[in-house]
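Going by the UniProt record's numbering, the first residue of the sequence shown is number 1, and it counts up by one from there.
Treat the hints with care, since some could be wrong.
[What the hints assert, rightly or not] Per label pair, the in silico range of CB-to-CB distance: (1) Leu-13 to Glu-89: 38 to 44 Å; (2) Glu-30 to Gly-107: 45 to 51 Å; (3) Val-149 to Lys-62: 33 to 39 Å; (4) Glu-89 to Phe-148: 26 to 32 Å; (5) Asp-3 to Val-149: 22 to 28 Å; (6) Asp-150 to Asp-3: 30 to 36 Å; (7) Asp-119 to Asp-29: 22 to 28 Å; (8) Lys-157 to Thr-65: 24 to 30 Å; (9) Gly-66 to Asn-94: 32 to 38 Å; (10) Glu-73 to Val-145: 43 to 49 Å; (11) Arg-146 to Lys-62: 36 to 42 Å.
Simulated from the structure, these hints should not be mistaken for lab results. Think of the CB as a built atom: it goes at the ideal place given N, C-alpha and C, for glycine as much as any other residue.
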Amino acid sequence: YPDVDISITTRELARMIESAGIYFKHLPDEEFDNPFGESTGAATIFGATGGVMEAALRTAVKLITGAEAPSPEFNDVRGMKNIKEAQYEVGGLNVKVAVASGTKNAGYLMDKIKDGTGDYTFIEIMGCPGGCINGGGQPIQHAVVRNFVDLKERRAKALYESDKNKCEETLARKLRLSRSCMMNSSVSREATRLMKYCTQLMWHVKSTTEAHFKNPKRQK
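Kindly generate the complete structure, drawing on both the sequences and the hints.
Shown next, in the form of structure tokens:
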């Protein structure tokens, strides 16, 4: 593919790290650097089918209504079903979504869109069945594990468990970072400019999101 410079799998990355003489099991435990060692819960669940969709829906709720969406509200897009469809009301707007994982199921979903039987506001497609947690680069388990343990379900469950612990951290971290920048006089002007830019960008995203949900066909 001309737009892809290089790609590596999880296993290849692990071998590269070990070839550099770094062995995680032998490293002492310590806290990750902030803010780069942290992520929001929505970013964590990207690895499971339906995770990107749920993250987008949470963002839409926040931008349109100003309120945080409770995670269980989007259970319909979770799970290992090949194709999932759901309909939600977001700030008085009707949002119809679909999720597919695996290229075969992606084909079925695209056919529905082509023949007009699938009219969706937003779709998510992942090439690997179950999402990135079941990708070709993930650690290979012995047959005694693969044949008796649903690895996709377990890996997805681990992501959603991590999501519970991270949902409320974003605002507090942003405020800490903002205060830190403002306290340093040498960067305060630049920090103020960047914060204003981020605010303008968020309002732009909100307005375009509302416009799309109100009239999705116009955006096609």
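Hint by hint, which ones does this structure get wrong, listed from lowest number up?
Hints 4, 5, 7, 9 and 10 not satisfied by this model.
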